[in-house]
Structure formats: structure tokens, C-alpha cells
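Engineer: Given next are the chains, with one letter for each unit.
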Amino acid sequence: MSSLDSITPDEPARQDQAIAVPSGAGGDSLSTEVSFRRARSVAGRETLRDVALRVASVIALVFIWWLLSLFFPPSLVPKPWDTFAEVGVIVTSGNFFTEMGATLRRVLVGFGLAMIVSIPLGIFMGTLRSLESFFEPPVILGLTVPGLIWAVLAIMFFGLTETSAYAAVAVTIAPMLAISIWQGTKSIDKDLIDMSKVFHASVWSKVVDVILPQLISHILAAIRYGLGLAWKVVVVVEMFGFSNGVGYQVVRGFNVFSMKAVLAWTITFLVVMIVIEFGLIGWLERSVTRWRPRVEAWRR
Amino acid sequence: MAYVSVNHAVKYFSREDGSEMLVLDGVSFDAKEHGITCLLGPSGCGKSTLLNAIAGLEKLDQGGIEFRVSSSNPTPDTRHPTPYTQTPRLGYVFQDPRLLNWKRVEDNLIFAFKGMKIPRESWRGLLEKYLSLVGLLSFRKQYPLYLSGGMRQRVGLARGLAIEPEILLMDEPFSKLDQLTARQLRQETVEICARLGQTTMLVTHDVEEAAYMGDRIVIFSSRPAHIVEVVDNPLEAAKRDLDDFAFIQFKKRLLQTVLKLVEQEERV
Chain X
201 MSSLDSITPD EPARQDQAIA VPSGAGGDSL STEVSFRRAR SVAGRETLRD
251 VALRVASVIA LVFIWWLLSL FFPPSLVPKP WDTFAEVGVI VTSGNFFTEM
301 GATLRRVLVG FGLAMIVSIP LGIFMGTLRS LESFFEPPVI LGLTVPGLIW
351 AVLAIMFFGL TETSAYAAVA VTIAPMLAIS IWQGTKSIDK DLIDMSKVFH
401 ASVWSKVVDV ILPQLISHIL AAIRYGLGLA WKVVVVVEMF GFSNGVGYQV
451 VRGFNVFSMK AVLAWTITFL VVMIVIEFGL IGWLERSVTR WRPRVEAWRR
Chain Z
7 MAYVSVNHAV KYFSREDGSE MLVLDGVSFD AKEHGITCLL GPSGCGKSTL
57 LNAIAGLEKL DQGGIEFRVS SSNPTPDTRH PTPYTQTPRL GYVFQDPRLL
107 NWKRVEDNLI FAFKGMKIPR ESWRGLLEKY LSLVGLLSFR KQYPLYLSGG
157 MRQRVGLARG LAIEPEILLM DEPFSKLDQL TARQLRQETV EICARLGQTT
207 MLVTHDVEEA AYMGDRIVIF SSRPAHIVEV VDNPLEAAKR DLDDFAFIQF
257 KKRLLQTVLK LVEQEERV
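Heads up: the protein sequence lines correspond to chains X and Z, in order.
Using our numbering, the first residue of the first sequence is number 201, and each one after it goes up by one.
Using our numbering, the first residue of the second sequence is number 7, and each one after it goes up by one.
Next comes chain Z alone, as it looks inside the complex (with noise of 0.2 Å):
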């Protein structure tokens, strides 16, 4: 299973007018290995940056982004982390699904499983088993815009896990939808995590999700963004429940470390 630590990364934005505006500023933490790594911090902060970095569609200026395998069953001091020689198998959830409008749900999947050469006696296998994984097989030969956006989103999902990938990548994959069905999607989405383990890392603004999904939340200030706080969850992904004291408790705790950020923010 893989392994990511961003190492001091620097990212910097020209304008339109020539001059260089610091996005990240010397970003580092783990993810949490298996478990899902919430990138918390205000909008337009970097994090989807730091994303895109990590899945190789921006460069970084200055630091990096280390893939490492560990042993399967990893204990604090037996795991000795080796180098990855390429980049990991990535899969990722976008915000608004991006789904290729023109072709069928399970093409969808399909142009993933091409791109990533998986071989073509495993589509069968996959498609049936995520689909369903997110309940969407009897659709699966519908086209998007024919499905609802929970659906359309459910379909990203799919395609993002299908390819079976060692590091999941999701970008506020459920703030364009209303709230009963984020809620649901994300109850789905933590279990079938738990179900997989593949380490998932997610980015956020709102600090309910982070702690409901994350193992691990790291706080972002805002831009240029540096890492404020890596908090690891206290509550176990099974018991997490919005309603819960321990769970309303530490929900107050990020929101605090968020506040206070803003508030500085204003100061200044």
C-alpha cells in the first residue's frame, strides 16, 4: 500500500500581469496510511493546488511529494518505507464529476480502466462491483445528463475507485449538492473506504466533513498556505456519528482552530 508525504512544497501562481503570487508556502505533513486525510482550510486557499500537485497535473516550484510502499500490515516501528520507482496508481474524485457527457456510465468507468491498462477480462468484474458499490448498476447504460447530480457524482466516484487505486484523490467532491444527499454520499463514502483501504486524501472547506471523513484533518491558513494544525481523528470511522457528544465536541475543537484563523486573517 502507498504512502504519501508532501515535503515542504512551494507552489507559486503568475498573474496575468507577469508578477508571482505564493499559493503554497511550504506545505508538509503524511497522509494517514489507509485512511482518509482531510485537507481542511478557506476557499481558494491551495488545496486543490497542493491536489492537482500530487496527481501530477501542476508542478510544485520548490519541495515534493514522496510514494512510498510499506509493508502490508504496518506497526510504527517495524515499517521501513521504501522508495516508489513511479508514481503510484492514483484514482480521483473531481468536484463536479467531469464525466464524459457522450458516453454511458460504465463507458465512463471504461475510459478509465483503457487509460490505465487494466486488462480487459477485469472490466466486467469492476464495473458490476463498483457500480453497485454505489448503487448505481441498473444505470449503468444510461447517459449522465439523463442521471441526477447525486448521481452524476456517485458515477465519479465509481470511476475514481474502479481502478482499484493505492491513493485516492478527492476534491470537494460533495459541496455542489444538497445536503441530505452529501450527507448520504459521504456516510457511503467513509464505509467504502473503510472497505478498501486505499489511503484517500480529501479536500474541504467545511469543517463538518473533515471531521466526520477524516482519520487525520490537516488545517490549512489561507493563502499563501501553510499547515496550521495535523489533528488525527479521535473518534474511529465506525463511530462517528453527527449527533454524538464526543463526535459534536470535536467538531467545536477544528471549528475553534478554523475561527481563530479567520480572525487573525481580519487582524491583519
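This is chain X alone, in the form it adopts within the complex (with noise of 0.2 Å):
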């Protein structure tokens, strides 16, 4: 297995199927798994080459920021090693931890929230014309709101709670959820629709069967966005006052203009980030769509 594994598409693989063609069914088989083999390797390669890419083009991005930092002072441009010490020091005292979780906690929550509300609200206004005039305005409505003026009038009615962050975030993200979940639902399959009343099934079974899994792209990319979007609101919102998050200890670097804390917990703020986009959302990503053959448009 190790050995084929490492197959390139030369001498030892091209005899192989030489040989299996003409000896019938039994061959045929033989010759797919070759290739089979072969195509596995040649995207084992291809992952290899994605990720040393993606580490190239951090490497020059710390680059470019090095090359500014020799033309301007310290206090406007930090070193990047400078700055990624502080990062250090602020995971080892322990504080990246909870205000991180804070932080973390206030989107998630609001993030549930709207999720909880749009994907029903989506669906409903994908497939029931009323619901659908109905609630067109409010939502489109809801998307042209800054999430800085949600931010503002939740801190107003709620005061400075945890449930403004709350309610700030699932507001804001709320309509672009339902909007694509929306226009997702349109873009179902109707013959597949009819194929499940023909066989009787269930309002349930039709939702979980057959309408949620021909929105799972859209529901995903709704997750990304709204995850994005999220953690720029949530920020809005400690910034305004609250005593903890990564929003509030932006804010204290700014007041002794510490341009350091500032980059160095916008560092923190993105690695949490880049974790949770390729690893918690690429993993969910694989393991729903797994059904579907990837596309590959443009190798010959």
C-alpha cells in the first residue's frame, strides 16, 4: 500500500494497465485502481503545495510590515518580532485566555441566536410567497443597518450587559443569514421535492432529507460571512465600554497609544480567527459535503 502510494504517473503505473487491459473484466478493475491510486497521490501533492502557499504568502506579509518598520518610528510601526513577543507575553499571563473567551462567547451566542431565527425564517421565505412579501423589507431593511448603529441602540436598551453584546451581534448578522438562506431555498430542486411526496415523506423528513442538505453551501458561506461580520460588530460593542474582551483591550491600547498591544492583540484576534475558519469550518465543510465529487475545472 506505502509503496503504491507514492506512485507517480511514469514507467511502473503505465505497465500496469498495459498489462491489465487486455486480460478482461478482472483487469479492467485493476487498471481503475491504478488510477485511482494515482489521482490520490496527485492530490496529496496538490494539499502539500496549497498549504506551503498559504505560508508563503504570511511570510510576506511579515516581510512588507518588517520594510515599513525601517522607515517609520517604533511607536507608529513595531518591529513584527516585537509585536509577536507581546503576543507572547499576553498568552502567558494568561489574560489572552479570558478575554479571548469573552469575546468568543459574545459571538457565539449571538451568532446562534441569529441562526436559530434565519434558518427557519429563510426557509419560510423561500418557499411561502406571503412570508415571503412579508418579510422581504424588514430583512433587506435590516442589512443596510451598520452594525455600529445596532451596536449603539442595543447598548441604549440594554445598557452595558452581556445581552447587548448579544442581541448587537445576532442583529446585525440576522438578515444576511436569512437573505442567503433564503435565496437559497429558491434554488432547490423541485423534482426532488415531488420524488419525496411520492413516497410519503414526513414534513421532518423533508426538511432534514431533502431541503437542508441542498442548503448546506449556502448555509456554510452564510457562516463564514456572518462570523466575519460578527467579530467586527462584537469589537464595536466592548469598545463601548465594557471592563473585558479583546474590543476593550484594543481600546486600552489606543488610550496610551501603544500601537504594540493594539497589533499585537489584533494578532491574537487573528490567529483565533484563522483557526476557527480552516480548522472548525473546513472540518465541518468536509465531513457534510463528502457526498460530492470535487470539482476540478481547470486540470487537464
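Among the hints, a few may not be true.
[Said to hold, decoys possible] One side of the interface only, derived from the structure: several residues of chain X facing chain Z at Cβ under 8 Å:
| # | residue |
| --- | --- |
| 1 | Asp250 |
| 2 | Ala252 |
| 3 | Phe272 |
| 4 | Leu392 |
| 5 | Asp394 |
| 6 | Met395 |
| 7 | Phe399 |
| 8 | His400 |
| 9 | Ser402 |
| 10 | Ser405 |
| 11 | Asp409 |
| 12 | Val410 |
| 13 | Pro413 |
| 14 | Arg492 |
| 15 | Pro493 |
| 16 | Arg494 |
No wet-lab data here; the hints were simulated from the structure.
All values derive from a computational prediction rather than experimental measurement.
Virtual Cβ for every residue (Gly too), placed ideally from N, Cα, C.
Hey, can you piece these two chains together into the complex? The hints should help.
Structural biologist: Shown next, in the form of C-alpha cells:
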């Protein structure tokens, strides 16, 4: 197995196929197997190249940062490694976990609330004409209101409580989630709904087995956009006068004019974001789209 | 076993501009019990609409579909069909198989089992029976998009059969397959249906397919559809051979009827 994994499209594989084809049905399956293995080893090489490209892009960014730091005083553009050292201090002092934990909790609770409301709302809007007409104006209006305004409104209404953070996040992203699922629902396959009717599928089964799986790419895209938006709003809310959270720490850095602290907190934030994006959502995406062969439109 | 008769079915479709178009113009016929009834007619004539009406997906504007039970061993003079109190158990095999691509082959069948309220204990037996009948037992854990078109069509066939329907509806199930696969699947389907003995209705626009599969062939005119002729196949299912003289004769006879229809159409 391990020796076959490393087969590259050269002599050994070709020979296998050449021998396999004339020998009939059994040989046929053998040659498919070989090309399958080859495809897999190509895929392995591609992921390696993808990782290398990603790492290179991060290194390039740090390099540009370093170039900039040569022309500006450290109070404006601190050296990258000084900032990384600051990140180290934040993490080792334990500050990171309490502050990031508070921010993450606000993002996730707000996000969860928005999902609970938006997924059913989007599905109903996509399937029932009357609900679509009724909810279209508030959803579109909601989308145009800036997150900052929601943050202000939430704090005025709920005061400086956790509730206002949850509410601001939820209200900001809910319209975006709802629109994405609403539009996705409109594109679902009517023929499959008919099929499910013929086999007398229950309402639950229609939703879980037929509708939701067709929405999965829309939902994943909505989760990505939604999380991005949620972070932006939660930081704004925290800046308004919360006493913890990443937004608060950034404001503190701003008040003492410490560019290093502001950047260091931003970096920790980005790292967490990347872990969630590539780790958690990437894993979620792979596990719910296993049924779909990968589109390889540009490979010859 | 179930008995289907279509009585004076009339169906209008409303167009975009609000006008109405007559699709089915008083269609009446009886399906052959335990056998395969082919609905043969030009594309777009309303055969599929009728099939959907039988499946309950469309409502007829006039007339109706009657389901009746008859004694299990029917003879022409002692048969006293009694009306069904509800729709009999229907299976449907679609043109493009309409599988749930995110479910494995066996879960596609289980989806139908759940809908038809088939008790969980029988799932395993039914899965094994019908997936091996269509030759896909070893692919039960595969996702449909990793199978070939012919194999996917077989999954659709297995799903229609596995709920053990009293009436099996098939809407041009082989029209999108290549000749060889279609021919093989036709033969297998005829054998399977003969073995299981459900009442089958198959929509097709392919004269050879109708002659080969149909125990009874109902010929539809083009839209608005009415019935031109109902022909019972003189050849028994097991004796139909594509190269046999009697078969070719029968096919020719059907073809002539259909061609005459097309000519009339052109004159009008």
C-alpha cells in the first residue's frame, strides 16, 4: 500500500495498465484501481503545495511589515518580532484566554441566536410566497443598517450588559443569514420535493433529508460571512465601555497609544479567526460535503 | 393486487399569459393488472402529466383515476373489483433518477421506507433483496455521484421496487441512458416485474421499448392527448426477442400507427 501511494504517473503504473486492459473484466478493475491511487497521490501533492503557498503568503506579509518598520518610528510601526513577543506575553500571562474567551462567547451566543431565527425564516421565505412578501422589507432594511448603529441601539436599550453584546451581534448578522438561506431555498430542486411527496416523506424528513442538504453550501457561506461580521460588531460593542474582551484591550492599547499592544491583540484575534475558519469550518465543510466529488475544472 | 383505470381524464395547464392549454382531452383506459402497461406517445403529449396525476402530484380537472382491488387470482368473469378506500402503495421510477445525492445508496432506499412507514425490522431484508436484484448490493455504501448513470438509474429502480408497491409508475426511466445500458436494464426490468407481479405503468416515446416491455400498449396522440389505440402485446414477456420476426412485425405495426399520427398532425 505505502509503496503504491508514491506511484507517480510514470513507467510502473503505465505497465500495470497495459497488462491489465487485454485481460478482460478483472484487469479492468485493476487499472481503475491504479488510476484511483494515482489520483490520490496527486491530491496529496496538491494539498502540500496549497499549504506551502499559504505559509509563503503569511511570510510575505510579515516581510512587508518589516520593510515598513524601517521607515517609521516604532511608536507607529513596531518591529514584527517585538509585536510577536508582546503576543507571547499576552498568551503566557493568561490574559489571552480570559479576554478571548469573553469575546468568543459573545460572538458564538449572538451567532447561535441569529442562526436559530434565520434558518427557519429563510426556508419559509423561500417556500411561501406570502411570508416572502411580508418579511422581505425588514430583512433588506436590516441588512442596510450598519453594525455600529445596532451596537449603539443595543447598548442604549440593554445597558452595558452581556445581553446587549449578544443582541447586537445577532441583529447585525441575522438579515444576512436569512437572505442567504432564503435565496438558497429558492434554488432547491422541485423534482426532489415531488419525489419526496411520492414516497410520502414526513415534513421533518422533507426538511432534514431533502431541503437542508441542498442548502448546506449556502449555510456554510453564510456562517463564514456571519462570523466575519460578528467579530467586527462585537469588538465595537466592547469598545463602548465593556471591561473585558478583545475590543476592550484594543481600546486600552489605544488610550496609552501603544501601537504594539493594539497590533498584538489584533494578531491574537486573527490567529483565533484562522483556526476557526480553516480548522472548524473547514472540517465541517469536508464532513458535510463528502458525498460530492470535488470540482476540478481547470485540471487537464 | 391493484387495478388502475383512468376515466375520462381532462387536464388544463395555465400558461404564463393566463390562457389555458388543454393537455389531456378525455383519456380513458385500463392498466393491465400484474403486467406492464406502456403509455406510448410523442414527447410533450401529456403522458407524464397523467402519470403524475396517478401518483397524486397533479390534480385532474375532470374525470378520475380509479384504484380497485381484485381477487388475487383474477379470471375475466369472476372478478369483482372493489374500490380502494385510499390510494394503494405506489412506487415511482423517475426519468433522471431523482436520488438524494447526499445519502448513500442504501439510505436513499431507507428514505422511501421511512416515508412509506415500512417497519424497521424489514428494512434490512428489503435492502438486500432489491439491491441485489438490480445488481448493486456491493455498492450499498456508495454515494450516488460516484456511480455511473446506469447504476444511478438502477438505484432509482431499486427504490421504486423496494417499497413493494402494488402499482409501479415509471417515467421514461431509460431514455437518458446509452443504448446498451438501456437495453440491458429493459430486459432486467421486464424479468423483475414478471417475478414480482405488481401492476406497472411505463411512459415512453420509444416504440421499440413499448413493444418490448409492454403487455399492453396505450397509444397517445400529440397534445391535446387522446387515446388513439390500446393494443395488447401478442407476445408473452419471456418470448419477446428484439431480433425475432414476430417481434419485429409487432413493432412495425405500432410504428405505423404512430407514424400515421405524425402525418395527420402535419396535415393539420
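Engineer: Work down the list of hints and note, for each, if the structure agrees.
Structural biologist: Now for the hints, and whether the structure bears them out:
no.	hint	result
1	Asp250	violated (23 Å)
2	Ala252	violated (30 Å)
3	Phe272	violated (53 Å)
4	Leu392	holds (6 Å)
5	Asp394	holds (5 Å)
6	Met395	holds (4 Å)
7	Phe399	holds (4 Å)
8	His400	holds (4 Å)
9	Ser402	holds (7 Å)
10	Ser405	holds (6 Å)
11	Asp409	holds (6 Å)
12	Val410	holds (7 Å)
13	Pro413	holds (4 Å)
14	Arg492	holds (6 Å)
15	Pro493	holds (6 Å)
16	Arg494	violated (11 Å)
In the structure shown, a violation is registered for the earlier hints numbered 1, 2, 3, 16, in ascending order.
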